[in-house]
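Enquirer: Below are the chains, spelled out letter by letter.
There are 4 protein chains.
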Amino acid sequence: MRTDKPMTRQLIISVIGESNARPHIAALAEQVGRALAERDVAIVCGGLGGVMEAACRGAKSAGGTTIGILPGDNPLSGNDYIDIPIVTGLGYARNSVVVKTGSAVVAVGGAYGTLSEIGHALGDGIPVVGLETWEMTRSREPADSAIIRAFDPADAAEKAIAAAKQRLSDIAAGISTIPEIYDK
Amino acid sequence: MRTDKPMTRQLIISVIGESNARPHIAALAEQVGRALAERDVAIVCGGLGGVMEAACRGAKSAGGTTIGILPGDNPLSGNDYIDIPIVTGLGYARNSVVVKTGSAVVAVGGAYGTLSEIGHALGDGIPVVGLETWEMTRSREPADSAIIRAFDPADAAEKAIAAAKQRLSDIAAGISTIPEIYDK
Amino acid sequence: MRTDKPMTRQLIISVIGESNARPHIAALAEQVGRALAERDVAIVCGGLGGVMEAACRGAKSAGGTTIGILPGDNPLSGNDYIDIPIVTGLGYARNSVVVKTGSAVVAVGGAYGTLSEIGHALGDGIPVVGLETWEMTRSREPADSAIIRAFDPADAAEKAIAAAKQRLSDIAAGISTIPEIYDK
Amino acid sequence: MRTDKPMTRQLIISVIGESNARPHIAALAEQVGRALAERDVAIVCGGLGGVMEAACRGAKSAGGTTIGILPGDNPLSGNDYIDIPIVTGLGYARNSVVVKTGSAVVAVGGAYGTLSEIGHALGDGIPVVGLETWEMTRSREPADSAIIRAFDPADAAEKAIAAAKQRLSDIAAGISTIPEIYDK
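Chains as they are written, first to last, in the working numbering: chain A, 819 to 1002; chain B, 819 to 1002; chain C, 819 to 1002; chain D, 819 to 1002.
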């Protein structure tokens, strides 16, 4: 199998965040989805409500493509703006599939599921761009700076696209993108 | 979350089979992919070579959409005819995701990975249509008749589409599609 | 990480089979569990009823150790004879974990979940010993002979232990145990 | 299947943390493993090095039982102090299995994999006790207080055991342990 596929496939970026979205967070997520679709990027998310639904609605408003990685077994489930439902049956272990399927991640708000996704992404060397999301610190150390902070949805989309393209170039060139502090 | 989504999404059908495909099996798989795409069905497969690649090539020759559920971590991997790579990192545990994502399954030829997928699909009540694939018997019983046998690729596509539509109707109507003999 | 661990750990063998067990199948499974425990082998299974419960009951009657790989999220679930419940939350994708955790597999009876496990095991090169279980044939070929047939529970235990030891030796020696026909 | 199993099984608690452990973190982890084993608790971890190995070494020094949920396919892998290797083949998606298998979690130090495990555990309502581990804050909110802070290894063991027993009681009583802010 080739692993040096020319980058002719459409870029895919994950949008992650809370399912019971606070209103200002849902508004940001919708704008992120729209901004990505306007830049010809497909989005992948966990397929459910809140940030996931808002991002898909935004993407569809600009004619984008939306992929939902569903935790359950029902192909008819997921929010109304999902084009392509992936039915995993894995429960929330599907969170790692959500972030791996994107070449970069945008985190908008978020609760504990989002925190697990941020951990999986950073551990895999997948760039994470954050908008009003988690900040974290290890005991006795300065705040972790691995999440790329964005100022607004357009900035988040642009930073995520740039980081995704860099990562795909690195992978194509055989350069590892796994950071030093990842603990397995 | 709604689980009674109107069936406005495109139908998705899984195509499964051996990765080191014997030539007549690859030819059948290509025709199955083409026949499904001609009937406006998207296909999902394991994303790699052999039957998976042939089915995707056939689908693309008719302008279809192809989804690859990849076992590894590399978004640049998968065969050249995959539109939407889903990067699972799950190894061959991804086989259950391949069959769950289709509303029905077409098995063409196949080796042991395909056998695992047939088991997962039948256990979940997902219809399996077979073309020159596994036949199985439990000790002391007549041959298992759960796999719907097809005569040629067009017949396989049509039987799979009919079975998929019936299953989605049953799910929407709240009718269980899990067969009695499934052992968990 | 070392991958050449001396074989000082207790041998673990998977017992798989139907959850709604026909009585003669449950009786065989209980004897298999007992025969393995008498030979100082721990057993792993899917943790639920039928063959799984019977095998665990048999193992405990001989003072053995029992591991249950549970599909759900509840650490208090599983049959009454499980010593060590592994809580996966993965649904029936946990089937591949059941077979990988054993160094060989004994299949007793079985329905479609068992068929998926046989496929995963054979694809991984994990030996499968069968007692009144599935037999399968690929179209136009003679019956597949990959499953090692056993005559009775003691024979199944002995054949599984011999095959497990051979496989661990091969792994320690760096010899691949993956068969040629596995399709990924 | 019964889900109201009397709590006669041995208590299992997860120990998570960085695989490239800083020395003071490894020392803490070893003491946590020992403290849990002295209180008759089995430990489960990711099976590899660093905090995982130190915790297992500590547990074995007090005669405890150790379970390793391995990411790979090799039953001979894992650290030297693992009694029961669970071979998942799931890569780091196995992180959610590590935390679900414990009735509570002790996090010692940690890098991004640990962060994903903390997210999975808190999202599932599994209590997390922390020793020099991550602290996190959502934008514009006070620091998240979901992680129970411990002063030393014995305190961590005792707090984790108390929280695990409370959680199992709640589950047996049918009381949900899923917190309000979990986003799926």
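Treat the hints as calculated values from the structure; they're not laboratory data.
One or more hints might be untrue.
[Said to hold, decoys possible] No more than 27 Å apart at the CA atoms, straight line, and that leaves these computed lysine-lysine pairs for DSS-like:
1) D/K977 <-> D/K878
2) D/K983 <-> C/K878
3) B/K878 <-> A/K878
Enquirer: Confirm or reject each hint.
Expert: Against the structure, the hints come out as follows:
1. For the given pair, D/K977 sits about 21 Å from D/K878 by alpha-carbon distance, which is consistent with the 27 Å threshold.
2. Pair hint D/K983 plus C/K878 holds up; C-alpha atoms about 25 Å apart against a cutoff of 27 Å.
3. Between B/K878 and A/K878 the CA atoms are separated by roughly 24 Å; this keeps the pair inside 27 Å, and the hint holds.
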